[in-house]
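Spelled out from the first residue to the last, the chains are:
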Amino acid sequence: AQSVTQLGSHVSVSEGALVLLRCNYSSSVPPYLFWYVQYPNQGLQLLLKYTTGATLVKGINGFEAEFKKSETSFHLTKPSAHMSDAAEYFCAVSVNNNNDMRFGAGTRLTVKP
Amino acid sequence: NAGVTQTPKFQVLKTGQSMTLQCAQDMNHNSMYWYRQDPGMGLRLIYYSASEGTTDKGEVPNGYNVSRLNKREFSLRLESAAPSQTSVYFCASKASGPSYNEQFFGPGTRLTVL
Chain L
3 AQSVTQLGSH
13 VSVSEGALVL
23 LRCNYSSSVP
33 PYLFWYVQYP
43 NQGLQLLLKY
53 TTGATLVKGI
63 NGFEAEFKKS
73 ETSFHLTKPS
83 AHMSDAAEYF
93 CAVSVNNNND
103 MRFGAGTRLT
113 VKP
Chain H
317 NAGVTQTPKF
327 QVLKTGQSMT
337 LQCAQDMNHN
347 SMYWYRQDPG
357 MGLRLIYYSA
367 SEGTTDKGEV
377 PNGYNVSRLN
387 KREFSLRLES
397 AAPSQTSVYF
407 CASKASGPSY
417 NEQFFGPGTR
427 LTVL
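In order, the protein sequences belong to chains L and H.
Residues in the first sequence are numbered from 3 upward in steps of one, following my numbering.
Residues in the second sequence are numbered from 317 upward in steps of one, following my numbering.
One should not assume that every hint holds.
[Claimed, not checked] Covered stretches of chain L, going by a simulated chain H footprint (3 or more residues, C-beta under 8 Å): (1) 56 to 63; (2) 105 to 113.
[Stated by the list, open to error] Subject to a maximum C-alpha distance of 20 Å in a straight line, what follows is the list of computed EDC-like cross-link-like pairs (lysine to aspartate or glutamate): (3) L/Lys60 - H/Glu418; (4) L/Lys51 - H/Glu418; (5) H/Lys373 - H/Glu389; (6) L/Lys51 - L/Glu17; (7) H/Lys373 - L/Asp102; (8) H/Lys373 - H/Glu395; (9) H/Lys325 - H/Asp342; (10) L/Lys51 - L/Glu73; (11) L/Lys114 - L/Glu17.
If you're looking for bench data, these hints aren't it; they were derived computationally from the structure.
Note that the structure is a prediction, hence the values are computed from the model and not measured.
Here a beta-carbon is modelled for each residue, glycine too, at the ideal position from N, C-alpha and C.
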């Protein structure tokens with residue numbers, strides 16, 4: 003089955019600094035890849051997704067991610083962190099539009115003033 | 317349009333008690349899901365329903381049962397709760413079709429089993 007590994011359970015950046023959250027996937031067939039964000043005591047909200055086509059995907063709140071097949075990666079970036087970006091971020095993978103979506107363990111982002 | 321709603325928001329049970337978590341969606345989605353979220357483990361799929369009248373096991377189904385009551389509602393039942401089932405439970409739904417691969421999540425139910 004497909005799987006996801008998120009490198010770093012906690013990431014801390016200063017306000018205005020680059021945000022980089024790492025995600026590597028494992029899949030024997032072309033994957034669908036997702037980044038979700040979870041604010042405290044809330045459900046998950048989709049940031050962006052890659053299904054087919056352009057490998058650089060832009061999402062909400064200034065985030066983007068690049069699908070790199072050769073590196074089996076789908077890292078999430080934002081050029082300039084804002085205090086409101088503090089949350090937990092989950093990378094997820096599914097294949098063939100099936101119902102078995104696998105999530106990474108999550109990365110908690112802290113933004114320092 | 318409320319999206320995905322879950323009840324209750326919080327629940328405390330004693331070991332051995334039973335309860336049902338309710339989920340409803342108003343987006344006319346065919347597929348619905350139940351996940352549990354535990355620290356350091358992300359979300360793990362318990363059960364899903366690809367369409368009304370069908371249910372299938374996910375990654376961690378033991379100790380749970382589900383019912384797809386109609387297209388809108390998908391419930392999760394714990395017949396005899398155990399402390400290991402202390403978790404946050406999320407319901408999600410998804411439209412069918414190759415272009416609609418996004419799952420929409422409810423706000424969660426925080427369950428503690430003593």
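Against the structure, the hints:
| no. | hint | verdict |
| --- | --- | --- |
| 1 | 56 to 63 | violated (count 0) |
| 2 | 105 to 113 | holds (count 4) |
| 3 | L/Lys60 - H/Glu418 | holds, 15 Å |
| 4 | L/Lys51 - H/Glu418 | holds, 8 Å |
| 5 | H/Lys373 - H/Glu389 | holds, 17 Å |
| 6 | L/Lys51 - L/Glu17 | violated, 25 Å |
| 7 | H/Lys373 - L/Asp102 | holds, 10 Å |
| 8 | H/Lys373 - H/Glu395 | holds, 16 Å |
| 9 | H/Lys325 - H/Asp342 | holds, 19 Å |
| 10 | L/Lys51 - L/Glu73 | holds, 18 Å |
| 11 | L/Lys114 - L/Glu17 | holds, 6 Å |
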